[in-house]
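Engineer: The listed protein sequences derive, respectively, from chains Z and R.
If you read the first sequence in the working numbering, its first letter stands for residue 1, the second for the next number, and so on.
If you read the second sequence in the working numbering, its first letter stands for residue 1, the second for the next number, and so on.
Don't read these hints as lab results, they were simulated from the structure.
No incorrect hints appear here.
No farther apart than 27 angstroms at their CA atoms in a straight line, the calculated lysine-lysine pairs in the DSS-like style are these:
#	chain 1	residue 1	chain 2	residue 2
1	R	Lys269	R	Lys415
2	R	Lys352	R	Lys28
3	R	Lys357	R	Lys369
4	Z	Lys72	R	Lys263
5	R	Lys357	R	Lys102
6	Z	Lys72	R	Lys102
7	R	Lys102	R	Lys493
8	R	Lys269	Z	Lys13
9	R	Lys266	Z	Lys12
10	R	Lys103	R	Lys269
11	R	Lys474	R	Lys103
12	Z	Lys12	R	Lys493
13	R	Lys263	R	Lys369
14	R	Lys269	Z	Lys12
15	R	Lys103	R	Lys369
16	R	Lys352	R	Lys474
17	R	Lys474	R	Lys415
18	R	Lys263	R	Lys28
19	Z	Lys13	R	Lys266
20	R	Lys28	R	Lys103
21	Z	Lys72	Z	Lys13
22	Z	Lys13	R	Lys415
23	Z	Lys13	R	Lys493
24	Z	Lys72	R	Lys269
25	R	Lys266	R	Lys493
26	R	Lys357	R	Lys474
27	Z	Lys12	Z	Lys72
28	R	Lys263	R	Lys103
29	Z	Lys72	R	Lys266
30	R	Lys266	R	Lys415
31	R	Lys352	R	Lys263
32	R	Lys352	R	Lys369
33	R	Lys103	R	Lys266
34	Z	Lys12	R	Lys415
35	Z	Lys72	R	Lys493
36	R	Lys102	R	Lys266
The chain contents come next:
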Amino acid sequence: MQEQKKELVSRKKRSIVFTIIWLVGFSLVNYPIGAWAGQKIYPFVLGMPFSLFYFWSAYSLLIAIGIIMAWKLWRD
Amino acid sequence: MAPWIISLIIISIYCIAVILIGIASRDKGVSTLENYYVGGRSIGPFVSYFTYVATFHSSFAFLGAAGQIYTNGINFFAVFTSCVVSPLMIYFIGRPVWYLGKKYNFMTQADLLSSYYESNVLRMIISVVSLIFLVPYLQSQIMGGGIIFETVTGGRVPYWAGTLIIYIVMISYILLGGFKAVAWTDTMQGLMMIFLVWIGGGVVLGKVTGTLDWSVLMNRVAQEVPEKLIIPVEYWPTYMTTFMSLFGISIYPPSFIRFYSVKNPKTLKWLAVTSPIYLIFFYVPIFLIAFSGILVMPGLERADMVLPAMLSSYAPPVLTGLIMAGALAATMSTADSQLHVTSSIFTIDIYKPFINKDATEERALFVGKIAIVVVSAIALLMSQFTNALLVAIVAVALGGCLQILPSLLGALYWKGITKEGAITGIIVGVVVLCITQFVIASPLGLHSGVWGLIFNVLSCIIVSRFTEAPSNEKVEMFHGYIREINEEQDRAKYGSVLPQTAGTNL
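Whenever a hint applies, use it, and build me the whole structure from the sequences.
Structural biologist: Written out as structure tokens, the structure reads:
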């Protein structure tokens with residue numbers, strides 16, 4: 001029983017950690033970090049201007065965080 | 001053969017195909033309201049995925065998005081936040097709605113909310129607000145279809161005939177198959193849209209730069225129009241609030257009805273986090289086409305014509321025809337969902353509770369089908385006239401549908417919202433939305449939908465503090481049932497539950 005309660009408490013902790021991770025990801029596409037990246041054309045990365053590369057990567061990361069949350073945390 | 005004839009043949013084949021899908025998906029036995037409006041709650045993950053993304057992406061994704069990138073460059077990334085954040089509502093709102101819908105046979109928003117708050121006034125308000133915002137939206141999609149026909153054929157099929165064709169095709173398959181027809185045609189349309197737009201993007205890139213290596217295009221854009229690759233600092237307030245104005249897209253009635261339709265809530269969970277993959281990567285080729293357009297077709301009078309103009313100039317006629325059929329698919333996949341849900345609102349929220357309480361399923365279904373014909377005919381007629389009021393309603397449609405959010409949260413999460421609070425919130429929200437859209441336009445740079453929501457929440461909370469809470473019976477029926485489900489799942493997984501975690505929906 002003690003073990004099971006621990007599992008549930010850790011679930012609550014995991015919810016908080018995942019929410020913080022998601023918010024960090026979300027902040028990457030917002031002011032001020034996004035505003036900094038949105039001003040930089042150079043260097044080119046993977047053939048793209050930095051700004052373009054940055055936003056595609058940041059949004060992809062945000063999607064990936066969501067998928068991990070659903071997998072590891074959400075019910076159903 | 002002239003390119004316009006090739007395009008017309010392709011679009012005709014597409015129209016026949018969607019009607020055939022309607023025939024194939026119709027109920028073989030006696031149809032029920034549940035089958036017709038929520039697909040018998042039996043839609044699997046594959047079809048759910050494509051019906052959601054195809055409904056989300058309207059003709060804006062083809063024409064409007066390319067035009068915005070052409071004009072404002074990468075400021076367009078602001079829309080991406082909405083594509084990632086809005087679908088999360090599919091889980092947080094959709095999951096409890098699915099369980100409640102399945103248990104108590106709910107099929108619309110007003111159905112669920114009027115039951116929780118025990119108020120037919122609320123049912124009527126939600127229905128009327130939904131219809132006010134849905135019908136002009138539907139009309140704008142029919143207009144989009146008419147423009148596509150006219151553009152593709154160089155005016156040989158006039159605008160009015162294009163809208164009429166859309167009307168006939170759309171009502172044919174919706175009348176035949178109801179939600180299943182809408183969902184299956186959406187699936188075909190969603191697949192068509194993504195494949196064709198990617199092929200089109202590749203072809204245009206190859207023709208304009210002579211290579212499929214996008215760095216050549218990007219280098220030219222960086223040298224010739226560098227301002228398209230940066231986001232001006234003064235744009236950030238708008239950038240950061242755009243997603244809030246589009247937040248309503250995942251709970252506006254055509255999306256909401258999809259919560260009821262899926263076979264199990266697991267589908268909703270994965271839809272919430274994987275649909276953004278489709279929604280944002282759809283725009284990769286749109287970026288390529290728009291950037292190419294900036295280089296080779298600068299100064300277009302109408303920016304939203306950049307995509308058809310680039311395709312006509314650089315893609316073979318067959319591909320142009322296919323992609324314009326894809327644009328038509330985007331229009332129809334949004335319009336059919338709006339039309340179908342409009343019928344469900346009329347039948348379930350207005351006809352049955354207010355006009356004919358004793359109506360049989362068969363009778364109600366018949367009335368619902370009549371509503372489809374009549375409402376779409378009204379939208380068709382409206383599409384023949386440019387009316388500033390209608391354009392304005394479309395501009396606030398998503399913000400308007402967003403005003404239902406606080407009352408939904410009351411029914412699903414927070415017991416503190418009362419019937420009077422919910423009604424006041426919706427009315428105040430819609431009024432503030434209209435004031436901040438038409439009288440004092442977007443104060444502090446915030447979208448009118450956001451202003452409406454702020455005042456909605458405030459008035460909802462204040463009024464709820466001084467009025468009677470929902471009955472214990474209803475609280476137990478809704479909150480108690482969801483808590484039970486959560487506890488059951490936790491018990492199955494962990495063997496026990498802790499009281500402080502049982503009620504959370506994460």
